[in-house]
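> Top line first, the protein sequences correspond to chains A and B. Quick note on our numbering: the first sequence kicks off at 2 and runs consecutively. Quick note on our numbering: the second sequence kicks off at 1081 and runs consecutively.
None of these hints come from the bench; they were simulated from the model. Please note that the accuracy of each hint is not assured.
Unchecked claim - Listed next, with one range per pair, are the computed distances between beta-carbon atoms:
1) B:E1105 - A:G19: 38 to 46 Å
2) A:G174 - B:D1101: 29 to 37 Å
3) A:I102 - B:A1210: 40 to 48 Å
4) A:L29 - B:G1126: 57 to 65 Å
5) B:R1141 - A:K578: 37 to 45 Å
6) A:R118 - B:D1189: 47 to 55 Å
7) B:R1141 - A:N806: 56 to 64 Å
8) B:R1141 - A:D32: 53 to 61 Å
What the hints assert, rightly or not - These stretches of chain A come out as covered by chain B in the derived footprint (C-beta under 8 Å, 3 or more residues):
9) 167–175
10) 657–668
Unchecked claim - Capping the alpha-carbon separation at 30 Å, the derived lysine-lysine pairs in DSS-like fashion look like this:
11) B:K1099 - B:K1110
12) A:K172 - B:K1171
13) A:K172 - B:K1120
14) A:K215 - A:K734
15) A:K172 - A:K210
16) B:K1160 - B:K1111
17) A:K274 - A:K210
18) A:K172 - B:K1110
19) B:K1160 - B:K1099
20) A:K310 - A:K584
21) A:K242 - A:K210
22) B:K1158 - A:K131
23) B:K1099 - B:K1182
24) A:K131 - B:K1171
25) B:K1099 - A:K172
26) B:K1111 - A:K172
27) A:K106 - A:K215
28) A:K131 - A:K172
29) B:K1160 - B:K1138
30) A:K215 - A:K111
31) B:K1158 - B:K1182
32) B:K1110 - B:K1120
33) B:K1120 - B:K1158
34) A:K210 - A:K111
35) B:K1171 - B:K1099
36) B:K1120 - B:K1182
37) B:K1160 - A:K172
38) B:K1160 - A:K131
39) A:K573 - A:K584
40) A:K106 - A:K223
Beta carbons are placed, not taken as given, at the ideal position from N, Cα and C, and that holds for glycine.
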Amino acid sequence: MSAIELTIDGKKIEVEPGTTILEAARQLGIDIPTFCYDPELPSNGACRICVVEVEKARALVASCVAPAGSDMVVHTASERVINARRAILSLLVANHPLDCITCEKTGECKLQDYCYRYGVADSEFSGEVKELSDDDSNAFFVRDMNKCILCGICVGKCQDVIGAGAIDFTKRGFVANVGPAFEDSIEDSTCVFCGLCIDSCPVGALIPKYSLGKGRPWEITKTRAVCPYCSIGCNVNLHVKANEVIGVTPVETNPVNRGHLCIKGKFGWDYLKSGDRLTRPLIKSNGVFLEVSWEEALALIADNIDEVKTRYGSDAIMGLCSPKTTNEESYLFQKLIRSLGTNNVDSYTRHCHAPAVDGMMEAFGSAAMTNSIEELSDTGAILVVAADPAESHPVISYRVREAVRNGAQLIVADPEPIGLTDLAQHYLPLYEGSAVALVNAMAYIIIEEGLQDQAFIDKRTEGYAAFKAAVSKYSIQDAAEVTGIGEEELRSAARAYAGAEKAAIISTVGANYSAAGGGLVLALANLALLTGNLGKESAGLYLPYGENNLQGVSDMGALPAVLSGYQLVKEKAVRDKFSRSWKTEINQNAGLSAAEVFTSGENSAIKALYILDENPVTCIGEENVETVQFLANLDFLIVQDIFMTETAALADVILPAAAFAEQEGTYTNTERRVQLTRQAVNPPGEAFPGWAIIAELAGWLGFEWIYDGPSDVFDEMTSLTPQYAGMSYERLKTRGLQWPCPSEDHPGTAVLYEGRFSRGLGLFTVVDDQTAVPSRTEISVSSAAAYHACQCQSDSMSKRSVINNFKRDSGR
Amino acid sequence: MSTVVETREAVTEEIDLSKVDSLIEPYLGKKEMVIPALQKVQDHFGYLPRPAVERVSKQMRIPLSRIYGVATFYAQFKMKPRGRYIIRVCKGTACHIQGSPKIAERIEDILSIESGETTDDLRFTLEEVACIGACALAPVIMINENPHGRLTPDKVKDILDSYQ
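So that you can see chain A by itself, here it is in the shape it has in the complex:
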């Protein structure tokens, strides 16, 4: 169809057929007021504030639903239009508290703005007004429904975008309202406190408690940062007044979260102001911590490191990095440890995610999310196995919902209903522990019915014959018995997955330290290989990690056998490259892993340990006796953190670090996207950004490092790391970049394995052990803290935040 030409306020414009008058006007920069319109939701033309006059049309039309027509002549601000808008505003104001002086929304309230624009000071109508009491039931926000103008945006967001289904319109006529079922409080509803209703409310009906009385919009500066919780890496605007973060809103223009957040990003940052923050360096003297100067602390560390090195050698020193640190900090950390002559540097990244990493390494030759989060919205089918993304990675569940709205088939396989079950066309409540059998049965059906992508298998994979023989050993009846899912359901699920042009798989089973999860990762990789769902857009394997910079910390080489970019320590050419840049010799032997060291108890070869932002004493939920024993036997323990944790309490020296909002740096999210996070406020007291502390300590240890700022560190790292070679802070500013990005003109890589797997051909693996796989529910029990919507692995941040109040089982 050809473009449509129309005239709006005397300006001609050509638009695609189907474009509404509102969208056409916005393309011309004409601002038509709206209340109920939201680009993410279907328009319904309910509020009528967007009416415009179309020549030859009998009545005014709602521009948000009226399609642009050929040769239409539209007036968006004629007298007739303005009178209509005034009447609408007057009707709204007749039943809206005019307490703008104290209303939190003043300055960014659409109702206020439009009344100002059209000169509506008071209502010409008088009548009954609503007298509802506030819903102040929860720790997060206040609902004053007297201010609600019933635009319905929050309802659409809650029901369709988020899927929480906590609120809807209730009743009708004058008493119509928006709220939970049976007039329950929000606290007792299925609300997940993502805050999207607050962010999209055009008036002051929904107000976050953290900002009550804290500041007016015009007093606030917004700084763009990256959420410090999970590996999605949502972009947030930190609202700052007088060196204090007083609010958070989602960034709408980035591909990761596109204006959405979950409870962690929206409400979880108040730990910044926790009284537990470390503000000065501490030295333990006779069992008591004393506040000391930075010089004193760093001198003590340098003396002790020197002594351990002299007495026991370099390999008695170790560094443990955290998946929460920035790329710059973790890069400098492994550089420092390696400069001391040892490769004993590790993080819990591999420990917690070994099944995902190992499985993908085996099948593809490298381990990272194969596709981008935003691509999920356009996929044709999604298989969710052993995962509850609504709980663990909410933004992924929002994309799944979007995909289903766009027509995708959703297959959910889980013993218990999960956050996406309500949407699934195929819900397979399989028996506990039978996920591998289910996935193998789907593969069997796909082969039996000839639905596999034979061209892909022939050209891009190996090991197919053995795999085919292995899955064919079991009949569908066997599978039905093992899984508890009937043959017809199995068949229709397999057809839905294999029949889609592009199909994606989501699982968090690999994000678990249980080794048995590896079998399921391999089985899922087989399924993707079988159907050719790799190396193309909106397909692939989504095995999201836990912590925010788990990907980046691994990429930076905070691992015992590899330098940044997974370059092997054992290769001389690699060592030479780094030696030249760092002006120091690199030890040729791979270092010890955290797992072996932390379980070595009294016999440990490690005498001095430097821990960054990690709390191994209580990591994964409960106190680890073996770890405590190991730590107690050290000659010297340095802990650098933002809080006095259980681990820090065992340290000889504690260094106070800056938190996410207090420093500039980069994080690499689970889809390999490197994103810039910026400093919004100063660190408390004498706390410093982690990278700066390490750089300063390097000086005390005799190394001549000169960095003007974190971007200097980043530039050095990119010069040594092929996957990051084309990146710079300048290039990361808006959308970030996904690695591999080998050169400055490379756009980054959204989809891995186009044309080739890292290992050459994709490998089918026989996964025969049908029952050894833990189900999601068993996983949730074993590492509960890792997957709660309001927590991350070590809960040191979330337990010092208001989000610790989230009663996640309420109303379900």
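Guided by the hints, dock chain B onto chain A, whose structure is given.
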């Protein structure tokens, strides 16, 4: 499978959830059929008890808020138990002129409820209707299917007493 619900201070009622399951069975997987499903449930219980609505939500995989929104939008759905006898007081013009407000007032006095409410013993529910089309009998009320016309406030008590 059943649950006890407190409907009024003194009255508790057993809500048979397996009955709900069988009533809505034909509509499972058909979210657009939520209104017929609620009608079946209401036909059985006389109103929409909360545990039954929650069951519909769970079985049909529709958020409770959405079902509540539908149920409270349509006047046909009652969220509270209704009496055995539904009194409809005609508020049409003819009845109004002939004194129907005084009739309604007397009923409210005797039963200690207001229009739209139900007595604690679930005997009567009082409603006002626009016109029942029996103007010749004004002022008129209906109790279930029985019209009572040419009323005066003094006649009300005996009429109510005849419905036990």
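> Take the hints in turn and mark each one as holding or not.
These are the hints, each one checked on the structure:
{"no.": "1", "hint": "B:E1105 - A:G19: 38 to 46 Å", "in the structure": "holds (41 Å)"}
{"no.": "2", "hint": "A:G174 - B:D1101: 29 to 37 Å", "in the structure": "holds (33 Å)"}
{"no.": "3", "hint": "A:I102 - B:A1210: 40 to 48 Å", "in the structure": "holds (44 Å)"}
{"no.": "4", "hint": "A:L29 - B:G1126: 57 to 65 Å", "in the structure": "holds (58 Å)"}
{"no.": "5", "hint": "B:R1141 - A:K578: 37 to 45 Å", "in the structure": "violated (57 Å)"}
{"no.": "6", "hint": "A:R118 - B:D1189: 47 to 55 Å", "in the structure": "holds (54 Å)"}
{"no.": "7", "hint": "B:R1141 - A:N806: 56 to 64 Å", "in the structure": "violated (29 Å)"}
{"no.": "8", "hint": "B:R1141 - A:D32: 53 to 61 Å", "in the structure": "violated (41 Å)"}
{"no.": "9", "hint": "167–175", "in the structure": "holds (count 7)"}
{"no.": "10", "hint": "657–668", "in the structure": "violated (count 0)"}
{"no.": "11", "hint": "B:K1099 - B:K1110", "in the structure": "holds (19 Å)"}
{"no.": "12", "hint": "A:K172 - B:K1171", "in the structure": "holds (23 Å)"}
{"no.": "13", "hint": "A:K172 - B:K1120", "in the structure": "holds (20 Å)"}
{"no.": "14", "hint": "A:K215 - A:K734", "in the structure": "holds (29 Å)"}
{"no.": "15", "hint": "A:K172 - A:K210", "in the structure": "holds (28 Å)"}
{"no.": "16", "hint": "B:K1160 - B:K1111", "in the structure": "holds (24 Å)"}
{"no.": "17", "hint": "A:K274 - A:K210", "in the structure": "holds (15 Å)"}
{"no.": "18", "hint": "A:K172 - B:K1110", "in the structure": "holds (23 Å)"}
{"no.": "19", "hint": "B:K1160 - B:K1099", "in the structure": "holds (19 Å)"}
{"no.": "20", "hint": "A:K310 - A:K584", "in the structure": "holds (19 Å)"}
{"no.": "21", "hint": "A:K242 - A:K210", "in the structure": "holds (16 Å)"}
{"no.": "22", "hint": "B:K1158 - A:K131", "in the structure": "holds (23 Å)"}
{"no.": "23", "hint": "B:K1099 - B:K1182", "in the structure": "violated (43 Å)"}
{"no.": "24", "hint": "A:K131 - B:K1171", "in the structure": "holds (26 Å)"}
{"no.": "25", "hint": "B:K1099 - A:K172", "in the structure": "holds (27 Å)"}
{"no.": "26", "hint": "B:K1111 - A:K172", "in the structure": "holds (20 Å)"}
{"no.": "27", "hint": "A:K106 - A:K215", "in the structure": "holds (12 Å)"}
{"no.": "28", "hint": "A:K131 - A:K172", "in the structure": "holds (14 Å)"}
{"no.": "29", "hint": "B:K1160 - B:K1138", "in the structure": "holds (21 Å)"}
{"no.": "30", "hint": "A:K215 - A:K111", "in the structure": "holds (21 Å)"}
{"no.": "31", "hint": "B:K1158 - B:K1182", "in the structure": "holds (27 Å)"}
{"no.": "32", "hint": "B:K1110 - B:K1120", "in the structure": "holds (15 Å)"}
{"no.": "33", "hint": "B:K1120 - B:K1158", "in the structure": "holds (13 Å)"}
{"no.": "34", "hint": "A:K210 - A:K111", "in the structure": "holds (21 Å)"}
{"no.": "35", "hint": "B:K1171 - B:K1099", "in the structure": "violated (38 Å)"}
{"no.": "36", "hint": "B:K1120 - B:K1182", "in the structure": "violated (37 Å)"}
{"no.": "37", "hint": "B:K1160 - A:K172", "in the structure": "holds (14 Å)"}
{"no.": "38", "hint": "B:K1160 - A:K131", "in the structure": "holds (23 Å)"}
{"no.": "39", "hint": "A:K573 - A:K584", "in the structure": "holds (15 Å)"}
{"no.": "40", "hint": "A:K106 - A:K223", "in the structure": "holds (16 Å)"}
Violation of the numbered hints given earlier is confined to hints 5, 7, 8, 10, 23, 35, 36; the remaining hints are satisfied by the structure.
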